[in-house]
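Asker: As you go down the protein sequences, you meet chains D, E and C in turn.
Each residue of the first sequence is one higher than the one before, counting from 1 in the numbering used here.
Each residue of the second sequence is one higher than the one before, counting from 1 in the numbering used here.
Each residue of the third sequence is one higher than the one before, counting from 1 in the numbering used here.
Hints are supplied without guarantee of correctness; some may be wrong.
[As the list claims (entries may be wrong)] Covered stretches of chain D (chain E as the covering partner; in silico rule of three or more C-beta atoms under 8 Å from a C-beta of chain E):
{"hint": "1", "region": "229-237"}
{"hint": "2", "region": "251-265"}
[As the list claims (entries may be wrong)] Label pairs and their calculated CB-CB ranges:
{"hint": "3", "chain 1": "E", "residue 1": "TRP335", "chain 2": "D", "residue 2": "GLN84", "range": "52 to 58 Å"}
{"hint": "4", "chain 1": "E", "residue 1": "ARG49", "chain 2": "C", "residue 2": "ALA39", "range": "28 to 34 Å"}
{"hint": "5", "chain 1": "D", "residue 1": "LEU266", "chain 2": "E", "residue 2": "VAL444", "range": "26 to 32 Å"}
{"hint": "6", "chain 1": "C", "residue 1": "ALA119", "chain 2": "E", "residue 2": "LYS153", "range": "16 to 22 Å"}
{"hint": "7", "chain 1": "D", "residue 1": "ASN110", "chain 2": "C", "residue 2": "GLY68", "range": "30 to 36 Å"}
{"hint": "8", "chain 1": "E", "residue 1": "GLY40", "chain 2": "C", "residue 2": "ALA135", "range": "32 to 38 Å"}
[To be verified] From chain D, some residues computed to sit far from chain C (all C-beta separations above 10 Å):
{"hint": "9", "residue": "ALA56"}
{"hint": "10", "residue": "ALA71"}
{"hint": "11", "residue": "LEU81"}
{"hint": "12", "residue": "ALA109"}
{"hint": "13", "residue": "ASN110"}
{"hint": "14", "residue": "PRO116"}
{"hint": "15", "residue": "TYR149"}
{"hint": "16", "residue": "LEU219"}
{"hint": "17", "residue": "ALA276"}
Simulated from the structure, these hints should not be mistaken for laboratory data.
Because the structure is a prediction, the values reported are computed rather than measured.
Cβ atoms here follow ideal geometry from the backbone N, Cα and C, with glycine treated the same way.
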Amino acid sequence: MRFLARGGRSSKDRTSLRRHRAARPVLLLLSLFLVGATYAAVSPATESVADGAADAQLIAQGKALFSQNCASCHGLGGEGLAQQGAPALTNVGAAAVDFQVSTGRMPMANPLVQAPAKENTFTEDEIAALAAYVASLGQGPAIPTEDQYNPAGMSPEDVSRGGELFRTNCSACHNFKGAGGALPNGAVAPSLQNATPKQILEALRTGPGQMPIFAEGALPDENAKQVIAYIEQVNAVPAAGLSLGGLGPVAEGFWAWVAGIGSLVLFAVWIASRGARA
Amino acid sequence: MAKPAELNPDSPALEVKTPPTSRETSKLAGPVTWVDDRIGLAKLAGNIRKVFPDHWSFLLGEIALYSFIILLLTGVFLTIWFKPSMAEIEYAGSYALLRDVRMSEAFASTLNISFDIRGGLLVRQIHHWAAMLFVAAMTAHMLRVFFTGAFRKPRELNWIIGVGLFSMGLVEGFAGYSLPDDLLSGTGLRFVDGLIRSIPLIGTWAEFFVFGGEFPGTLIIPRLYMVHILLIPGLLLGLISAHMALLVYHKHTHWPGPGRTNRNIQGYPFFPIYVAKAGGFFFIVFGVTVLMGAVFQINPVWLYGPYNPSQVTAGSQPDWYMGFVEGAIRIMPNWEWHLGHTTWSWNVFLPGVGLMGLLFTGLALYPFIEAWITGDTSEHHLLDRPRNAPVRTGIGVAGMACYAMFWLAGGNDILATQFHVSLNAVTYFMRVAVFVVPVLAFIVTKRICLSLQRADKERVLHGSESNIIVRNPEGGFSEAHVPLSQEEAYTLTRHPQPKALVPNGVKVGRVRQTLSRWYADGQVPKPTAAEVAEAEHHGAIEGGEGDERVLEGSDSGDAH
Amino acid sequence: MSDKELDLPVPDPGLEEHPPRFTDVDPAAADRSYRQIVAMLAAVPVLVIAFLVVYFAVPRDAELILFGSTFKMQTTLLGLTAGFATLLIGIAAIAWARSLMSDEEIVGERHGAASPPEARERVLADLEIGIDASAIRRRKLLGTGMAGALGMMLLPAVVSLADLGPWPTAEERAKTIEKTIWAEGVRLVTDVTNVPLKATDLVVGQLVNAQPENLEHLEDSAEYQIAKAKASIIVVRMDPNSIKIPESRRDWQVDGILCYSKICTHVGCPISLWEQQTHHLLCPCHQSTFDLGNSGVVVFGPAARSLPQLPITTDAQGYLVARGDFTVPVGPSFFERDSLKDFQEGDR
Numbered sequence: 001m002r003f004l005a006r007g008g009r010s011s012k013d014r015t016s017l018r019r020h021r022a023a024r025p026v027l028l029l030l031s032l033f034l035v036g037a038t039y040a041a042v043s044p045a046t047e048s049v050a051d052g053a054a055d056a057q058l059i060a061q062g063k064a065l066f067s068q069n070c071a072s073c074h075g076l077g078g079e080g081l082a083q084q085g086a087p088a089l090t091n092v093g094a095a096a097v098d099f100q101v102s103t104g105r106m107p108m109a110n111p112l113v114q115a116p117a118k119e120n121t122f123t124e125d126e127i128a129a130l131a132a133y134v135a136s137l138g139q140g141p142a143i144p145t146e147d148q149y150n151p152a153g154m155s156p157e158d159v160s161r162g163g164e165l166f167r168t169n170c171s172a173c174h175n176f177k178g179a180g181g182a183l184p185n186g187a188v189a190p191s192l193q194n195a196t197p198k199q200i201l202e203a204l205r206t207g208p209g210q211m212p213i214f215a216e217g218a219l220p221d222e223n224a225k226q227v228i229a230y231i232e233q234v235n236a237v238p239a240a241g242l243s244l245g246g247l248g249p250v251a252e253g254f255w256a257w258v259a260g261i262g263s264l265v266l267f268a269v270w271i272a273s274r275g276a277r278a
Numbered sequence: 001m002a003k004p005a006e007l008n009p010d011s012p013a014l015e016v017k018t019p020p021t022s023r024e025t026s027k028l029a030g031p032v033t034w035v036d037d038r039i040g041l042a043k044l045a046g047n048i049r050k051v052f053p054d055h056w057s058f059l060l061g062e063i064a065l066y067s068f069i070i071l072l073l074t075g076v077f078l079t080i081w082f083k084p085s086m087a088e089i090e091y092a093g094s095y096a097l098l099r100d101v102r103m104s105e106a107f108a109s110t111l112n113i114s115f116d117i118r119g120g121l122l123v124r125q126i127h128h129w130a131a132m133l134f135v136a137a138m139t140a141h142m143l144r145v146f147f148t149g150a151f152r153k154p155r156e157l158n159w160i161i162g163v164g165l166f167s168m169g170l171v172e173g174f175a176g177y178s179l180p181d182d183l184l185s186g187t188g189l190r191f192v193d194g195l196i197r198s199i200p201l202i203g204t205w206a207e208f209f210v211f212g213g214e215f216p217g218t219l220i221i222p223r224l225y226m227v228h229i230l231l232i233p234g235l236l237l238g239l240i241s242a243h244m245a246l247l248v249y250h251k252h253t254h255w256p257g258p259g260r261t262n263r264n265i266q267g268y269p270f271f272p273i274y275v276a277k278a279g280g281f282f283f284i285v286f287g288v289t290v291l292m293g294a295v296f297q298i299n300p301v302w303l304y305g306p307y308n309p310s311q312v313t314a315g316s317q318p319d320w321y322m323g324f325v326e327g328a329i330r331i332m333p334n335w336e337w338h339l340g341h342t343t344w345s346w347n348v349f350l351p352g353v354g355l356m357g358l359l360f361t362g363l364a365l366y367p368f369i370e371a372w373i374t375g376d377t378s379e380h381h382l383l384d385r386p387r388n389a390p391v392r393t394g395i396g397v398a399g400m401a402c403y404a405m406f407w408l409a410g411g412n413d414i415l416a417t418q419f420h421v422s423l424n425a426v427t428y429f430m431r432v433a434v435f436v437v438p439v440l441a442f443i444v445t446k447r448i449c450l451s452l453q454r455a456d457k458e459r460v461l462h463g464s465e466s467n468i469i470v471r472n473p474e475g476g477f478s479e480a481h482v483p484l485s486q487e488e489a490y491t492l493t494r495h496p497q498p499k500a501l502v503p504n505g506v507k508v509g510r511v512r513q514t515l516s517r518w519y520a521d522g523q524v525p526k527p528t529a530a531e532v533a534e535a536e537h538h539g540a541i542e543g544g545e546g547d548e549r550v551l552e553g554s555d556s557g558d559a560h
Numbered sequence: 001m002s003d004k005e006l007d008l009p010v011p012d013p014g015l016e017e018h019p020p021r022f023t024d025v026d027p028a029a030a031d032r033s034y035r036q037i038v039a040m041l042a043a044v045p046v047l048v049i050a051f052l053v054v055y056f057a058v059p060r061d062a063e064l065i066l067f068g069s070t071f072k073m074q075t076t077l078l079g080l081t082a083g084f085a086t087l088l089i090g091i092a093a094i095a096w097a098r099s100l101m102s103d104e105e106i107v108g109e110r111h112g113a114a115s116p117p118e119a120r121e122r123v124l125a126d127l128e129i130g131i132d133a134s135a136i137r138r139r140k141l142l143g144t145g146m147a148g149a150l151g152m153m154l155l156p157a158v159v160s161l162a163d164l165g166p167w168p169t170a171e172e173r174a175k176t177i178e179k180t181i182w183a184e185g186v187r188l189v190t191d192v193t194n195v196p197l198k199a200t201d202l203v204v205g206q207l208v209n210a211q212p213e214n215l216e217h218l219e220d221s222a223e224y225q226i227a228k229a230k231a232s233i234i235v236v237r238m239d240p241n242s243i244k245i246p247e248s249r250r251d252w253q254v255d256g257i258l259c260y261s262k263i264c265t266h267v268g269c270p271i272s273l274w275e276q277q278t279h280h281l282l283c284p285c286h287q288s289t290f291d292l293g294n295s296g297v298v299v300f301g302p303a304a305r306s307l308p309q310l311p312i313t314t315d316a317q318g319y320l321v322a323r324g325d326f327t328v329p330v331g332p333s334f335f336e337r338d339s340l341k342d343f344q345e346g347d348r
């Protein structure tokens, strides 16, 4: 598996392999077999046989969905099309598919600087099938399970630690309470306030778009969960008045002039006016 | 012992040793006499029926004054709990999301005020909104004084005091913004550290002296606290007193109008009208500020977190009044000299220190420059309508446009995302715009002023439009005009017009001559007495022959 | 221009007549406005009592849910009651002045700002008398001596400020702003959690906000923030084939893992907006952009110098360690900084 992944990453090898007419189906079969074998090896023994068969079915379903919805840009085998700006999906893993499709970023209507989030039109099963198929193409992070991202039952100390991690790693782009921020060339770091815990963890692990990857080695699941808990809780803190978009001093200055000076000038006009005369 | 410097033989105080027993004894006579016997109250109080003119734009400075009083009151409340210390502690207060986080005592005490002192958060928010209003109102007041020419003789010194107040207001605001030691304010201090360092020759020394060594050290918050609550408020208080004393001495300017001259002042008495109006306005400003504190959240430091030199947040911006410096820093090309073993950081020094220096020097010198250009040495108590000083108005608008461009550049990232253009393109555009837009603004403003002058002249000579369309016997249509009242006609024609200096016995340098021609250029000549008489004859102005309000059908402007 | 020189095409009609208000001529209107003002003043005690009730009865953590947002009930209600009470006092005072106080305009005289010539002359004469009486004209050294003495007293006042901070002499600078706590063999650990980084843990496209392992020892000293403000770093991993590594920096990186100062060379903001596809690092404060795939050179913005790179390698256990301190001072420029050693495109 690892060997294959390395091979796939090197563009030279890949193109020469791909040129062979039989390469794609062979590779596919090989990877399907390998994925099946790996799953069988790592899954708990009791489920292995049934799951192996179910997975194969899921992957096949995913492949069909992929060729309908994704292949026009990413290629039938997920190899990507440089002129469309579509990256190869051979090593992005199931987590990336789940993130991109469940937030509606993929499929993209037309190529833009950045895939905007929109309404997701796929069912959970369809996403699972797509994810299983893309996962079968190479190596990449799997869809996280609930115990990896569900922040329920964290202690206050955990959450405030999450705040420290958030301000160190996330707020530079996503703002101090996850309201989002600007990046060069028209790109933006999106708001995190409507993101689900699962999506946040998937984004950390897969680095969608320009976002860097925050992998387990430096940010273990436990810490990621703390960050997720902080984002959830900081947005539930009661505000001391309208938060003016949570954007900081720019909005505050605007309101000082409009609401403050504006209303006081109206009062001043009233004070100095002569009013109705008999 | 010192003799009184001035012995005024007319002063009633010298003649009357004891208060006269008045015919109808006022109920207040008792207490007033008691105090007066001891401190000369009647002399001190002066004329409590002093006249103040009424106009909304004269109240902008009052907003600044009242915001300052609100800042003093709320500031005292905050100092009761605030600890200006950079010693690091682990937070143990009631805001759960920062539990056990290491922070300075300054930040922890700010959280304490916000979460554990009842009403503390409200007072913090009132204090911050009042600070924003203080600087905003000073800016608005300064623009009013500029565009109406109220800075002219004899008020130049008061204008300079005002510029001093404005510059100190910025420093005071920045110091206050820095005190809570939160992530935003720490980022601001980091920026100031870079700014101080960039000063050629002495930058590093200045940095070490200001911060007590390297950034951030442990001294900057206590030092800024002293600056914020003692040094600058003291200077502000002194300067505000001088500003007000000069206002009382000069008496307020007033707008031109019938019966108003440079020798009189028309309005309402200080007591009781202005005691009620000014006092009432203080409560209105206070009320609005408290309501803003109640309804709009400001500077939620608990969300920013404590300062940590390795953290930063998107949207790190200073309060609005420092935005123009921020913008200049952003669009400055990256010019830096590396000469020998030294570094000359023009990319930081010029837009930071240089631009602020230029702004305040330019503002302070303007009254003298204008007086030099126009050769005007007389006293002015009547205000100019901005259109009647087109070059000054143009300069003012150009200055505002330049400031606005720098200010917008401070949000170049936001502009780039909102208008879907490249950040680089916005930056390049702004580099040009800060020079070109002010020039365009000057040209456009001057033209608008001259058009308004023309419109005034038309109005005087043809009366105002009545919105009634009259059909004449030949079948043509024209709008009937209503004659102007003499009051309005006077108001529109009484202003002096800038004239170019002519060397009249006195030598006038060539530069000065050119500038004065430029200053006077293009004025629409006021109607002459003859033209006005002609207009009166046609009934465009009331008075003269026809006192009746007749509709004057004007078929074309040339007929008159 | 004085009034005399002014040409007035329309003669001054004099002050306008004072038109009376409704409240002057209609007693009912005056009574109505009287009642309104008293009603406003009467509402103030009600609001003040409400304020007191809120102060003592509403717990600190009570929440107020309005329009789908959650507010701190105490802050909002205290502010609304106090704010409206204050505003009503102001509005009542203004309404009183506008409708019930006599509003006859009055006219005051203005006098020029200057004193009358006699007064000016008298002051000048007094000054002359005083100066003569002081003997300063005959004994000239009195004046210069006093001025000089007073002037000299400025020196102690100014010099006493010389201890505001340490003096940044060459020696002091070498110990402070020109060095960080990075040293040979110091491990790279994650910021906040202090976990040492293994080269094999990092994947291509990964960003880690990190710091030196020895920073933790300083945690309780005043040096901590100072050290952190200089030693913070970002560690990124890029595909070695997609980046430019100059010959002189071949051994500064481990398989495409590169380490840079996190402190912007412009005015010192910590930078970590890294775009993993373009390898560009953007400062959120002033948008200086550095290319981490090309030794941190400036590609855009007001920063003038490339981002200092920290040479790293791995230790025996495979952990990432520094090979020494930064080769140039980190952070914003200062006058005495020798900037000729900084990396420039082309690697001189």
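Asker: Indicate, hint by hint, whether the structure satisfies it.
Answerer: Hint-by-hint comparison with the structure:
no.: 1; hint: 229-237; verdict: holds (count 4)
no.: 2; hint: 251-265; verdict: holds (count 12)
no.: 3; hint: E:TRP335 / D:GLN84: 52 to 58 Å; verdict: violated, 41 Å
no.: 4; hint: E:ARG49 / C:ALA39: 28 to 34 Å; verdict: holds, 30 Å
no.: 5; hint: D:LEU266 / E:VAL444: 26 to 32 Å; verdict: holds, 28 Å
no.: 6; hint: C:ALA119 / E:LYS153: 16 to 22 Å; verdict: holds, 19 Å
no.: 7; hint: D:ASN110 / C:GLY68: 30 to 36 Å; verdict: holds, 34 Å
no.: 8; hint: E:GLY40 / C:ALA135: 32 to 38 Å; verdict: holds, 35 Å
no.: 9; hint: ALA56; verdict: holds, 28 Å
no.: 10; hint: ALA71; verdict: holds, 22 Å
no.: 11; hint: LEU81; verdict: holds, 16 Å
no.: 12; hint: ALA109; verdict: holds, 21 Å
no.: 13; hint: ASN110; verdict: holds, 19 Å
no.: 14; hint: PRO116; verdict: holds, 17 Å
no.: 15; hint: TYR149; verdict: holds, 18 Å
no.: 16; hint: LEU219; verdict: violated, 8 Å
no.: 17; hint: ALA276; verdict: violated, 6 Å
Taken one by one, the earlier hints fail for this structure at numbers 3, 16, 17, listed in ascending order.
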